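So the sequences go chain by chain: S and X. Using my numbering, the letters of the first sequence map in sequence onto residues 1 to 495. Using my numbering, the letters of the second sequence map in sequence onto residues 496 to 990.
Mixed in with the good hints there might be a few duds.
To be verified - For lysine-lysine, the following DSSO-like pairs were computed, each having C-alpha atoms within a straight-line distance of at most 27 Å:
(1) X:510 x S:38
(2) S:341 x S:38
(3) S:210 x S:15
(4) X:836 x X:894
(5) X:894 x X:533
(6) X:533 x S:15
(7) X:705 x X:510
(8) X:982 x X:894
(9) S:210 x X:705
(10) X:705 x X:982
(11) S:38 x X:705
(12) X:510 x S:15
(13) S:341 x S:487
(14) X:836 x S:210
(15) S:487 x S:399
Calculated directly from the structure, the hints in this document are not laboratory data. Quick caveat: nothing in here was measured; it's all calculated off a predicted structure.
2 protein chains.
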Amino acid sequence: MNATPAYDTLSSTWKRMHHLGHLQSIAGWDQAANMPPKGNEARAAAMAEMASLLHRMGTDPALREQLQRAEQEPLDDMQRANLREMGRQWRAATALPESLVQRRQLATSRCEHAWRRQRQANDWAGFLPNLREVLGLAREEATLLADQTGLSRYDALIERYEPGMRCAQIDRVFGDVRQWLPGLIRQVMERQAREDVIAPVGPFPVAAQKALCEQVMRLLGFDFDAGRLDVSTHPFCGGVPEDVRMTTRFREEDFLGSLMGTVHETGHGRYEQNLPRHWLGQPVADARSMALHESQSLSFEMQLGSHPGFVNRIAPLVAQAFGEQPAFEPRNLHRLMTRVKPGLIRVDADEVTYPAHILLRYEIERELIEGRIEAEDVPALWDSGMLELLGVDTRGNYKDGPMQDVHWPEALFGYFPCYSLGAMYAAQWFAAMRRAMPDLDARIGGGDLASVFDWLRDNIWRQASRWTTDELVLRASGETLNPAHFKAHLQARYL
Amino acid sequence: MNATPAYDTLSSTWKRMHHLGHLQSIAGWDQAANMPPKGNEARAAAMAEMASLLHRMGTDPALREQLQRAEQEPLDDMQRANLREMGRQWRAATALPESLVQRRQLATSRCEHAWRRQRQANDWAGFLPNLREVLGLAREEATLLADQTGLSRYDALIERYEPGMRCAQIDRVFGDVRQWLPGLIRQVMERQAREDVIAPVGPFPVAAQKALCEQVMRLLGFDFDAGRLDVSTHPFCGGVPEDVRMTTRFREEDFLGSLMGTVHETGHGRYEQNLPRHWLGQPVADARSMALHESQSLSFEMQLGSHPGFVNRIAPLVAQAFGEQPAFEPRNLHRLMTRVKPGLIRVDADEVTYPAHILLRYEIERELIEGRIEAEDVPALWDSGMLELLGVDTRGNYKDGPMQDVHWPEALFGYFPCYSLGAMYAAQWFAAMRRAMPDLDARIGGGDLASVFDWLRDNIWRQASRWTTDELVLRASGETLNPAHFKAHLQARYL
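Only chain S is shown next, with the shape it has when bound in the complex:
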């Protein structure tokens, strides 16, 4: 006889939602990578219908009692962790009425679709009313989530991406970064000004770039029988764990951007591809959090991808792809990949100036959500923030300013901090790896990437959502979030 009827019912409900969510994920990827413009209205309506259906399933009143009854059933550890995650998802979902979920889906689809053209045209005036609508809905959502959880409104949004993380902790961590980052940037730039760097000579044909990216993805263990690489305006890693859809974008005059962007997304991709197969479809098999997800992409892009040993490994592939050039000599290539230079675009930023982009977005979106500023206040704050943090002038350039990211059009407020938290976790993983394998750098230099992948797979990927974030981090690295590793990493690599 079955001793866990309530748990089993919950489990099959989540499996059904997983199946339907699969179609939603593929449609979302297609929307960004393939869809022609006139398809958008019907796609937005279709995805809104599905979002609403999934919301209804995830907020079915029967779940409350099933969750309570399942608590009393004889569950093993994994099942109990799964039940904990079900409860978390259920509480988050029930805080929001279906009508709001549907309105948000429609508004973000519309805003994101228009943004793709408006960004090209530097059309802030056209973008503003759409952004205002999306912001209005995000505030509505934040208020409802805050009422339910007792958190502040912005904390309530962070909780969706990074459970357990609070503004207060981010303020502490980011406040510390604000202290030492501008000085470090100056120091690094002074030092690098004395170094000779040979610039690569383009153009770099897109077909060769794509082949190189796929070659490097293979080197990084991406399974092409369970995923693809395509092109979209804003690179992302979508799809489903069984079929990971990564995107990148190519520019003929620069190959490093798409190459390192691809290395970044490959970190996301491998996390997804290596979630515990047997548990897929259950919340316990979901990636732990967004900062943890970013810690994987940044482990790949920054810790590993910009490691001198790894650069040695890929330099011949670069020369093979585009023909021999003095710029492709490994030491020069490594210098190219670690140039520190304040710039306008977050996704093109080096790892030293990157946190400045996040500090700015964090400060702006926190104020937007708490209602202390409005959408029309963003450009002025952007201009002054960029000037103060990175010394660059952004006035009138919305395209490469507040319109550069897909996050706000998609109402992903609360997500940005995860990037820098992820950079910090990534540094913490590699510090832990070096404690466990003192010869790690020699291993990477000798082409042994398996040591890194094995550690990440055992400690992060396969753990999925079995533990809370703090527990997972503690088990993996012997301590909870410790941003000192990130500072130490930057100092070691750049000073």
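Chain S is already provided as a structure; the job is to place chain X on it using the hints.
Relative to the frame of chain S, chain X by itself:
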């Protein structure tokens, strides 16, 4: 106050199914055009879940009473036609239990996915158990549909694709074709044996072929803002009316196959793109039937695409794409496009031998469904049929024999006759056009394709499912299906 509450409820139910069906269509296209192999199991499960959900929605017991009540409501003509189509879909759906729908979806996904490799490997033994499973489910389905409708089992399957069409009529029409076709093929081949034809010299680079196909699609009025052209093993036209996903396949040694295949699919594509926009999502806005759909692709490919006037128009584009060649001279190109030669592959067949491929498939699948033969009997029947009808030897070649089409792996029994019925309707449309526009051939020769498109749009595309097939055909051409036009077309073009 609202005088049509039941109708309105039905209408919004169908709209919801349309939205969810959109995701299913895009996922299906993606499965054929993009999906990596390890994604298939999860995709099959996801699509089965959706098929089952759509089936539940379409068989909701509440619909019966709503359909009855709506009959009494004051509806206009379009609404009444819409209600008729809702009833038809509902009756078809309620004949099948959800478990069968789900098993069929799983079995066909599995069979179709394996078939993609098995076909390459000529692996009939590997294919057979999957085909047997799919056939078993198709028979189960046919039996249930037959019980409900009082039709024979195979008629009940035809009814899904070609409402109102019966075996008896097909036997009559195809029986007539069997009489004159072999003689006509001989006559045409003798005649063509005396003609000089210059063969084009390849290879024809795939990128140039794709650009040429897209150019010709534009010439044929395909709206690339509402659709795409991609590559799949078996070309098809999928997606949704607002976002039509056409596929083709390229071979470097032959450009005419993909070019004319693309012209064919463009006919399907334009039908979909021009269904009545305002009614999309309601059954009355669906394409009328599969034979009508094929009548559009064959109007494009055969009636228009192989018309000497149209060939004049595209000959310079071909020369532009691949460089000048004697073979690209318009008269020679037209001869190439109208070569009659018995061959193994249906989709590569010329329009004269094509019906022979359909007769064979029709005769085999009718017997399979009626249970008079089994899956393992197919190869022997195939071999003898191909020998008798086209004089070609197919023994041991399953790849280019009974494994060549996606239809049986996908359980689309009852579909094949629609191709030849479509060819007959297409000839009937052009006969009607010539009665209305006696200078039609001169118009096409002078580059005026709008006359053809306008006629098709007004008489077929925009009519969607407003009338039954017989009514639509009568209104468009002044008579119901009259296969004499097809025979006359072949005689006029080839003798």
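So, going through the hints one by one against the coordinates:
no. : hint          : result
1   : X:510 x S:38  : holds, 19 Å
2   : S:341 x S:38  : violated, 40 Å
3   : S:210 x S:15  : violated, 35 Å
4   : X:836 x X:894 : holds, 19 Å
5   : X:894 x X:533 : holds, 23 Å
6   : X:533 x S:15  : holds, 19 Å
7   : X:705 x X:510 : violated, 35 Å
8   : X:982 x X:894 : violated, 31 Å
9   : S:210 x X:705 : holds, 19 Å
10  : X:705 x X:982 : violated, 34 Å
11  : S:38 x X:705  : holds, 22 Å
12  : X:510 x S:15  : holds, 26 Å
13  : S:341 x S:487 : holds, 18 Å
14  : X:836 x S:210 : violated, 42 Å
15  : S:487 x S:399 : violated, 31 Å
This entry does not satisfy hints 2, 3, 7, 8, 10, 14 and 15, going by the numbered hints stated previously.
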